[in-house]
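Engineer: Chain by chain, the residues run as shown.
Protein chains: 2
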Amino acid sequence: MSKRREIIIVSNRGPVTFQRGPEQAREAKRGGGGLVTALGSLALHHDVTWIASAMSDVDREIAEESGGRAVEDRLENGADYRLRLLAHERSAYDKYYNVVANPTLWFAQHSLWDLIREPDYERSKLLEAWRDGYAPINAAFAEAAIEELSRRPEAIVFFNDYHLYLAPRMVRAQAPEAALLHFVHIPWPPLSCWHVLPGEISAAIHDGLLANDVIGFHTTRWRGNFIHSAESIANAERVPGKIALSYAGATTCLSARAISIDPRELEKLAEDPRVQEHERHIVETRPEFLVVRVDRTDPSKNIVRGFRAYELFLERHHDFHKRVSMLSCLDPSRLDIPEYEDYLEAIQLEALRINERFQQPGWIPIDLQIEDDVYQSIAAYKQYDALFVNAVSDGLNLVAKEAPLANERDGVLILSENTGAHEELGTFSLTIDPFDIGSQADAIYEALTLPAGVRQHWIEGIRAWVREHDLPWWIDGLLHDLGGCLASRARLGDTATKPEDGV
Amino acid sequence: MSKRREIIIVSNRGPVTFQRGPEQAREAKRGGGGLVTALGSLALHHDVTWIASAMSDVDREIAEESGGRAVEDRLENGADYRLRLLAHERSAYDKYYNVVANPTLWFAQHSLWDLIREPDYERSKLLEAWRDGYAPINAAFAEAAIEELSRRPEAIVFFNDYHLYLAPRMVRAQAPEAALLHFVHIPWPPLSCWHVLPGEISAAIHDGLLANDVIGFHTTRWRGNFIHSAESIANAERVPGKIALSYAGATTCLSARAISIDPRELEKLAEDPRVQEHERHIVETRPEFLVVRVDRTDPSKNIVRGFRAYELFLERHHDFHKRVSMLSCLDPSRLDIPEYEDYLEAIQLEALRINERFQQPGWIPIDLQIEDDVYQSIAAYKQYDALFVNAVSDGLNLVAKEAPLANERDGVLILSENTGAHEELGTFSLTIDPFDIGSQADAIYEALTLPAGVRQHWIEGIRAWVREHDLPWWIDGLLHDLGGCLASRARLGDTATKPEDGV
Chain A
1 MSKRREIIIV SNRGPVTFQR GPEQAREAKR GGGGLVTALG SLALHHDVTW IASAMSDVDR
61 EIAEESGGRA VEDRLENGAD YRLRLLAHER SAYDKYYNVV ANPTLWFAQH SLWDLIREPD
121 YERSKLLEAW RDGYAPINAA FAEAAIEELS RRPEAIVFFN DYHLYLAPRM VRAQAPEAAL
181 LHFVHIPWPP LSCWHVLPGE ISAAIHDGLL ANDVIGFHTT RWRGNFIHSA ESIANAERVP
241 GKIALSYAGA TTCLSARAIS IDPRELEKLA EDPRVQEHER HIVETRPEFL VVRVDRTDPS
301 KNIVRGFRAY ELFLERHHDF HKRVSMLSCL DPSRLDIPEY EDYLEAIQLE ALRINERFQQ
361 PGWIPIDLQI EDDVYQSIAA YKQYDALFVN AVSDGLNLVA KEAPLANERD GVLILSENTG
421 AHEELGTFSL TIDPFDIGSQ ADAIYEALTL PAGVRQHWIE GIRAWVREHD LPWWIDGLLH
481 DLGGCLASRA RLGDTATKPE DGV
Chain Z
1001 MSKRREIIIV SNRGPVTFQR GPEQAREAKR GGGGLVTALG SLALHHDVTW IASAMSDVDR
1061 EIAEESGGRA VEDRLENGAD YRLRLLAHER SAYDKYYNVV ANPTLWFAQH SLWDLIREPD
1121 YERSKLLEAW RDGYAPINAA FAEAAIEELS RRPEAIVFFN DYHLYLAPRM VRAQAPEAAL
1181 LHFVHIPWPP LSCWHVLPGE ISAAIHDGLL ANDVIGFHTT RWRGNFIHSA ESIANAERVP
1241 GKIALSYAGA TTCLSARAIS IDPRELEKLA EDPRVQEHER HIVETRPEFL VVRVDRTDPS
1301 KNIVRGFRAY ELFLERHHDF HKRVSMLSCL DPSRLDIPEY EDYLEAIQLE ALRINERFQQ
1361 PGWIPIDLQI EDDVYQSIAA YKQYDALFVN AVSDGLNLVA KEAPLANERD GVLILSENTG
1421 AHEELGTFSL TIDPFDIGSQ ADAIYEALTL PAGVRQHWIE GIRAWVREHD LPWWIDGLLH
1481 DLGGCLASRA RLGDTATKPE DGV
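Going down the list, the protein sequences come from chains A and Z.
Under this note's numbering, the first residue of the first sequence is numbered 1, with each subsequent residue one higher.
Under this note's numbering, the first residue of the second sequence is numbered 1001, with each subsequent residue one higher.
Careful, some of the hints might be misleading.
With a straight-line cut-off of 20 Å between C-alpha atoms, the simulated SDA-like cross-links for lysine to any residue are [as the list claims (entries may be wrong)]: (1) A/125 - Z/1465; (2) Z/1029 - Z/1491; (3) A/382 - A/308; (4) Z/1268 - Z/1125; (5) A/382 - A/464; (6) Z/1242 - Z/1433; (7) Z/1382 - Z/1491; (8) A/125 - Z/1433; (9) Z/1382 - Z/1464; (10) A/268 - A/373; (11) A/125 - Z/1438; (12) Z/1322 - Z/1283; (13) A/125 - Z/1315; (14) Z/1382 - Z/1315; (15) Z/1125 - A/445; (16) Z/1242 - Z/1266; (17) A/242 - A/433; (18) A/382 - A/267; (19) Z/1242 - Z/1465; (20) A/125 - Z/1283; (21) Z/1125 - A/464; (22) A/268 - A/464; (23) A/382 - A/242; (24) Z/1382 - Z/1490; (25) Z/1125 - A/190; (26) A/125 - Z/1125; (27) Z/1125 - A/373; (28) Z/1125 - A/317; (29) Z/1268 - Z/1490; (30) Z/1125 - A/270; (31) Z/1322 - Z/1272; (32) A/322 - A/445; (33) Z/1382 - Z/1417; (34) Z/1029 - Z/1003; (35) A/29 - A/242.
Only part of the chain A face toward chain Z is listed, based on derived beta-carbon distances under 8 Å [said to hold, decoys possible]: (36) 60; (37) 115; (38) 177; (39) 428; (40) 430.
I should point out that these hints are in silico values taken from the structure, not numbers from a laboratory.
If you're wondering where the values come from, they're calculated on a predicted model, not measured in any experiment.
Positions of the beta carbon are idealized from the N, C-alpha and C atoms, including for glycine.
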């Protein structure tokens, strides 16, 4: 385990948001979610200050009362830390979040655009939102980070995700010696996806990220795409003999480390009475075989094509009729974005169509559960015979890591080759091409007919991998990579001061 | 000009197709089209045998009567050549053309898929069409080429386009010393587009193409994408100091030469009475400004977004109402493919919507002409003030080269940066981002308000470029590149025989 460090986490969403409860008392609502769990575990062993956006009105009150200082708080995992909430200007935040981050960067990085029709906005409106929303919100984060750094000059600043691509450069300008780390939690797409964005934006994203000492990605694939785009868009150069880029006189090391989960937290959750109640219901009503998918209703998750693959499986294997159900626990997501609203409707129509085609008295082929219910999802984890993950593109996919730990039936993981998790778990799963419903249908059949020995071997392989590559492995690894990069920066710094050393 | 050579042209569609005319007489229907004009000009200076698919029933009769030998024919440009028609097995041809070539390779190479929803077929059906359609039709072309080569062993075999990726390897297997040239007339997309196809197909395409001595592309951009995908998919290696790849013990040189047009043919056509009749009609009915687009109704042409850009221009510039029209000469294309049928409908709805929004007595903002009428298109060429080319992706775009030669109003070319022609004509045109309707709207305004001096300078720049880089430049250049590559193959062959020369 790495030694105790001061760490300033910077992420758009923090680990807690405050609401007014009964009698106007403030109540903390602690979010689950993979990112918060992962980052929160940092506070178990390090001195953490967390900078995040104020989400609720109460959050904003707290931000104002604290006069720009961090307040003491305790995480769900019991660790103490300091929370600094930023009350952003609302219209700037709206542009940052609802124009740039989600409908643009998320779409671009997941290759979600149908380029014949999308993006269909005016580029100038995106650029305006970039300049008047994304840039000033990043500046607010950077300003807060610099203030915290002034109190703790030895602290590491740890930026997270696609909301904060500009902040590192802004911090670097004020704090040239600071240790800056950035983790990109979503895919880094091929170069061509960056060319769909205005050149000004693609260039600024690469320039901002390359202000970090270390940039972390889940997989070597996303990292390789970053190297390629940074070379082409930012004219960064590879550093011989290292996985690092040289840019603007500095070196950025590139780390490929997949995030993970907290197995104990999952085990605890699996015993929650609410999970057990859902599980009882599933056990009472389930047919012989259960195919489970657990996803947000995001187009990148490829839910409609997954249903079509399941339909093809039913078409080909009449002997499975009445013996199988696809339990789909779908968390409705970002419904204020029209593409997401359309996609949810497409999901519902497709499930309806397939159910109408095949259903018989006492048998519904697709059990569609559209709600945000983590307890139901964990119950489904325990009961699956096949876990179906067919994302078109996914930075990692934590479901593929969580569900096998909870599963009690030696269920088989069916895993898209375009998920980050596939780089780790591909050897213990049935690999599918997310564009090919034929291979997905075949994989469902294969999963449900795989010999028990193979199933057991695979699920144990996944569990062993996940337990070994857990959250401390991820965090300690990143801090180790950062340490190595800073040590070599120090060495380079010595030589760089000699004016006779030209570059 | 290069010396007279024997050339065997291989292309799916030939320069002529035969029909039954009055009293059952055979009538030749000579296709125009950029590719046929370009390849046909080869016959003016070289000894040409042309192998193409029999398209009509009469073509098939001729193929059978001639017993697999080429028949004498004369091209529209007056040149004599030999035509060898191949009567393919119908169901194999259907798979080759209507499953693989157009809905798959064309879509993949133009990045036309909305990956959340498409491709939505079973991969196994594509693979079946590949094995039972694309491969045997390529084998039939290869067999015919080998037979012709046996009669003319010194001949160059000149393959064309995405229909014939497998044939070169098949010919190479039988004729190791043959001179093989392939020109890819459509974009070569980024590597990620190849990954959407089954690995078996992407690998076979690269393997087939790399059997050629020279592969030609329109632009350095498509060529660069090919180098990248061939390295990644086929493990081809760059040859130091040359623009060539080493693969399977042989070298393939990569040429970037944009195809061109025959300026005299265009000038002759511009004086055709049918063109003049259309022109009179345009002159009589046109408003002050005419924006013209001439395209097939192909989703890659970005027609719907172009209308939305024009709408935005009208929204912003009320002073242009009643003074401008967008004359859209659209050739209905591939309507047996559902995506094309849908796209044509979307075009019509969008034009209707915009016309209903802005029209006034005596003024229709969009003049939608959906028909295959080359004379009308040439008349529009003569009359445009702005020529609008906003393709999402286009191998070259010949309209951008043709229309300025015919234009009589110093019209301005508005050109998508994703067309091959942009690499040549970008300096003499208004560059647009095909995904940004805002910049396209601005470009329309700028084109219609550009000073006369600039307009004249630009159109003269385009004309001078096209006249200098005409069809003989393209053909002689390709033959020159082939000669260079063969000469270095001969030298390499000498050294390769020395067993002590390791690679």
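Engineer: Hint by hint, which ones does this structure get wrong, listed from lowest number up?
Structural biologist: 1, 2, 3, 4, 6, 7, 14, 16, 17, 19, 20, 21, 23, 24, 25, 26, 27, 29, 30, 31, 33, 34, 35, 36, 38, 39 and 40
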